[in-house]
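Asks: Protein sequence lines correspond, in order, to chains A and B.
The first sequence begins at 1 in our numbering and counts up one residue at a time.
The second sequence begins at 1 in our numbering and counts up one residue at a time.
Treat the hints as calculated values from the structure; they're not laboratory data.
Errors might be hidden in some of the hints.
Okay, the calculated beta carbon distance ranges per label pair [said to hold, decoys possible]:
hint, chain 1, residue 1, chain 2, residue 2, range
1, A, ALA79, B, GLN86, 53 to 59 Å
2, A, GLU47, B, ALA510, 53 to 59 Å
3, B, GLY41, A, ALA79, 50 to 56 Å
4, A, GLY51, B, GLY41, 42 to 48 Å
5, B, ASN225, A, ALA79, 49 to 55 Å
6, B, ARG119, A, THR4, 52 to 58 Å
7, A, GLY51, B, ILE223, 32 to 38 Å
8, A, LYS63, B, TRP236, 49 to 55 Å
9, A, ALA17, B, GLY503, 36 to 42 Å
Footprint (simulated), chain B over chain A, 3 or more residues, beta carbon under 8 Å [said to hold, decoys possible]:
hint, segment
10, 39-48
11, 56-69
C-beta atoms are modelled at their ideal positions from N, C-alpha and C, and glycine is treated no differently.
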Amino acid sequence: MNRTELIAVIHETFPGAIFDEREPGLGIGSFPQWDSLGNFNLLLQVEAAAGIRFDSQEIAEIKTLEGVIAALRKRGVYAD
Amino acid sequence: MRIRLTATSNIPSGNPTLRPLLEVAELDFGRFGDWFEVLTGSGYQDVAVAWVLFFRDILAREEIATYEFTDGLPEALQSALTALDQRLQMAKTPTFVLWSAWRPDSLIRASRRQTPLYRVESRFVAELYRRAEKHAGLILLALDDLFSAEGLRRCFDSRNYYASRCWLSLQGLKTLAEGLAGLINSLEKPTRKVLVLDCDNTLWGGVIGENGLSGIQLGQDGIGNAYVDFQKVARWLNRQGILLAISSKNEESDVWMVFDRHPAMVLRREELAAYRIDWREKTLHLREIASELNLGLDSLVFWDDNALEREKVRNALPQVFVPEPPADIAEWPDSLASLDCLARSVNTSDDLFKNQQYQARAAFLAAAKQYEETTPFLASIGMKPRLVEIDAATLGRAAQLCAKTNQFNLRLIRHNEADIESMLHRCGAKGFLVALTDKFGDHGIIGLTLAVATHRDDTAFLDTFLLSCRAMGRHIEAWMLARLQQRLLQKGYRYLLAQYVPGERNAPIANFLPEHGFQPLASHPLVEQMSEAVDEKIVALRSEPFWCADLETLHIPHLEIFEQ
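Just chain B, with the same shape it has in the complex (with noise of 0.2 Å):
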C-alpha cells in the first residue's frame, strides 16, 4: 500500500525507527504541516492518507480555557473535521487518522469537574467514529491509548519540537510506527479465524492425567485465577465471531471430565467447534481441524505452553500463526486479548453465530459420510436457502464476505462497504446476499452476488459471486445463480457474462461456470459485440477469458434438490 503520512507537526522521514512501517507500506513524507491540502487537494484521492494530529498543534491552551460543553468544537478542529469530511467524499482508499491529545497537565485541575480539554477530546473522538460508521475507509488510532502502554512521558519529548517540530521521543516514533503498521496489516492480511488451544498447563494448571481433577490449578485462589481469566478471554473472541478448538495430547476422557465436572471450568464442550485429543502429532491435529472447518491452516493460532510442540508447529507447519506466550501465566490474559491477529475492526452479527454455524457444517459433514450419492443426502437435509437483500443492515456482512471469502469467489474482487452501495444506488448493480438453513441449523448469510449494467442494454456482467467455505458442497451455488437469473430477465436482461480469475485458493470455483451452463465467449455468435460491452471504467477486469450464459435458455443443474 502506498501511503502518504502527514502530520500537524514533524514526524522525521528517515528516522530508523519508522523502518517497521516501511515494511508494509510505501511512504511519502511530503513537506512539513501540509495535512490541510492533502485532505483536502484533489491530487491525493488515489492515495491512502495517514493524518497525524496532535492537538497541541492546532489548539492553543488558552483557546479551549473558556470551552463549554453546550458549545460546538473549537474552531481549529471543526476547520480539521471538515477538511477531513472533504477527503472522506472524494477517497477511494483508506483515510488513517492517528490523534492524540495528551499534555502535561496538574491532576489536581480535574479532581472536581472535567477539564476543558478533555471535553473537546470527547466530542471531537465521538465525531470522528460517527464518520468511521459512515465511510469504511476511516480507520482510527488513538495515539494517546497506544502510548500510555508504553508511558505517555517516555513517548513525548518537548526538547524534539524545539529542535525539530517533533513532539516525540525515539519511543513515540518507534510506538506510532508498530501501531500504524498493524492497522495496515490487519487491512492487508486476512484474520486469523480459529484459536487452538492446549489443555494441560494452558486451559489449566498442571496434568489431569498425572494430577486428578482435584490437582489441578483452575480458579480458587491465586495462580489458579489467571487460568480462568485465560478462558474467559478465549470465551470473549469466540463471542467476536473467532473460533475455539482443542489440541490436546491425552485421554480424551480425562479432558473431558475437567470440561464437564471442574466447578471453575469457564468454556464448555459446545464453544468448541473443533477438537482433536488423542496422543498424535499437533501438526496432524491441525491439519485435520483446519480441513474439518473446510479452512486454510493461514487462519489457525495455535497457543500452546510447551515450547517444543510450538516449535514443531512452527517448522512443520509455517502458515499456522504460533504466539510466544509469556513466560508468567499471569500475563497470558492480558497478551491473548491483545493479538491482531485475532482482532477485527468489524464485527457483523454474523459472527456472534459462528460457533454455531460451523457446528452445523461439522454435523453435516459427518452425516454426509452415510450416504453414497450425494444429491439424496441433500435433498434429505431440508436446505432452505433464503435471498437477503442488500441494505445498510447488511451491508458490514456484504464487504466482510468480500474481504474474507478466498475458496468460493469467482474474480477474488474485495469490494467494501462504499464500493457496494455505489455499485447498487449508483450503478444499477443488480445484487443479493444469501441465507441458509438447514436440519443442521442455521448457517446464516453464506453467500453474495453482484452483476453490473455493461453497454449492451441486454447483457449483464457478473462481477461478484462467491459462497462461504462453510456452504460449499450444497449445490447452493446453483440456487444464487438461479435466482440472479431470475432478478436479470425480470430487469430485461438476456445474457450474463462472466469471468473466472484463479487466485491462490480459489481452485473450488474453477469449473463453476462450465458447470452451469455457461458458455465460452470466444464460440458466442455475438462475440464481437460481447467483446466490447463491458468497460474497465465499470469493473476492473482481468485478462482471463469470458464466458457468456443466455438466461433465456441457461439450464442449471442440481436445482431439484431445493424442490423437496
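Pulled out of the complex, with its shape left as it was, chain A reads as follows (with noise of 0.2 Å):
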C-alpha cells in the first residue's frame, strides 16, 4: 500500500469527513468521526484493504496514520 491508498481507505470509511491529508499527527481527533471506535473501524478497513492482520498490542496502539504506516511498513506491505 502507499499513502494515497492509506488516505482513501480513511475517506471510505469516514465518508463526507473534511481534514488536510498532509496534517501531521492526522489521527484520533484530527476530525469528529476519528474517535476511538472510528479508528477500530479504520484498522479493520486497512486489514483488508492490506491483507494483513494486526495484532492485539497494535490495536490498541496504533493511533495515527504514522502508526498504521509503519506497522504496514514492518510487515512489507507499504511502499513510500
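Using the hints, put the two standalone chains together into the complex.
Replies: Next comes the structure, spelled out in C-alpha cells:
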C-alpha cells in the first residue's frame, strides 16, 4: 500500500469527513468521526485493504496514520 | 423503517460493512450495552428494535457447566426473555432477535453427551419460537446458522472483543448486516409469487430438439442428478405456494415429451400454473404469463441458463427479478433454494393449494372467452362463496391477504395478525373472510373485510375491503358487501362510511364504491355529523374523500348471479 491508498481507506471509512491529508499527526481527534470507535473501524478496513492482520497490541496502540504506516512497513507491505 | 439496534456487546456504528443495512433502514445505535433498557423501556414501542444477543456476554461458561435439563433456563437468559416479553406486550413495531450461542469448544466434550450449552440454547430457541407463534411482530435470526455458511471462526475475532468489545470480525459484521437487511427487505417488499423456468439446459441438460429424449442429461449418473435435484427444489417451492411456469423457445410437443415420457422427470404438467412454449421472445412470454395469472410482472422470478435471454429480460422488464445462476449446475439446487425473494416468513394452509387455485382461474378465463355477456357466464359456473370467520386458524391468512393484496384493495392498509386480533376483540370491529368454490375448483380464502365502530352508534367505517386478484372479475365483492350489510344491520348499524385510497396498483377497485350504491359523503344530508364520526385513533385516515351508504336502503348489483 502507499499513502494515497491509505488516504482513500480513510475517506471510505469516514465518508464526508473533512481533513488535511498532510496534517502531521493525523489520527484520533483530527476530525469528529475519527474517535476511538472510528479508529477501530479504520484499522479493520486497513487490514482488509492490505491483506494483513494487526495483533492485539497494535490494535490498542495505533492511533495515527503514521502508526498505521509504521505497522505496514514492518510487514513489508508499504511502499513510500 | 427506523430501527434501534441494540446488542449485548459492541456492534461498531460507522463500520463500512454495516452499509447494506443503511440502504434499507434508518439505524440508531444508542449507547453501548443498553439492550435491557431498550427492551423494557416505554420509549421504544413505536420504533422497530433489532436486538443482537451473544450468549457469551450474559452467560459465563462456569454458570452453565452444571445446567441440568430439568432446570429452567439459567437466570440470565430467563431475565432476557422476560425483558423481551415486556417489549412484545408494548411494541407496535417489529422486534428482530438475532442470537449467537457459539463459542469455541472441544468436540470431544460433546462426543458422548449433549453439552449444557447445547441444551440451554435448544430450550432458549424453543422459547423464542413459542413467542413468535403468538407475536407476528417477532422476527428471529439464528446468527450461528448465518455465520456457519461463511465459517464461524472467520466471523468471530476475539482480538476485536478485547480491543473494542466487538465479538465479530469484519466478515462477521458484514454477514450480520446482510442477514438483517435481508429480513427487513422481506418485510418491506412483497414476496415474488411465480418462478418462471426455462427448459433446455435448465430443467435438463442439453437441447431436447437436438439431443432427443435419450440424449438429454436428466437423472441417472453424475450431473444429470443435479438437474433432478434442481427440479425437486422447484417442486418444494411450489409446495410452499410459489407458482411454477415455463418459458421455453422450443417445439411444444418436444417439451411435453420430456414431461410425459422421461422417467427421471420430477415436475409434472399439472404442477405448472402457466406456460409459453414457442419461438417468440421471452419478454412476451413473461408478459403473457403475468397477465394470465393476473399478477404484476414484479411477482415473477425468471431462471434461465442463457445469459443473453437473462439480459434481454433485465433490460426490457426490470420489474422481473432475474437471478444470476451459478456457472456450475451442481450449485443450482442450493442456489435456488436460498433465494430470499421466494421465501416467506409465514405459510398458510391456503398456500399449499395455490397451484390448483391458479389453474382453476386459468380454466375460468378460458371458459369466459366463450361468452359474449358476463352475467350469464358467471351465473352458469356454480359460484359458491362462503363466509369464513376470522379465528386462530384463519388469522394468518387474513394478515397475509392484507400484506399481499394490491389490485383489489380499497385502502391498502397492511394490518398484521396482532392488529386484526386487536380490532376484532378489543375494538369491536366486524369482519370476516370469504372462500370461494365453483365448477373450476376450490379457490380457497380470497377475500377479507373489516368494518370498525365510529363515534356515532349507527355508523361503521369500512377499514378493509379486499379480494385476491385470482377472484377478480366474478362480482364476489358484491356478495361480500351484501354479507357485511347484513351483519352490520344485525348489529344495529344504519350507515357505512368508506373511502378509496389510490395506490400504485389498486385502480381495479377505484369505482367500487359508486358502482355499489355508495354516495359521496359531501352530498349526504348528515355530512357534518358523519365527517366527525371517524376518529384518527380508530383508523389511520387518509385525505381521500369519504363515501356513505345507507345500509337499510343500499341496493347492491349483481347478486342475482349467486342466487342461481
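Asks: Among the hints numbered above, which are violated by the structure, and what are their numbers in rising order?
Replies: none
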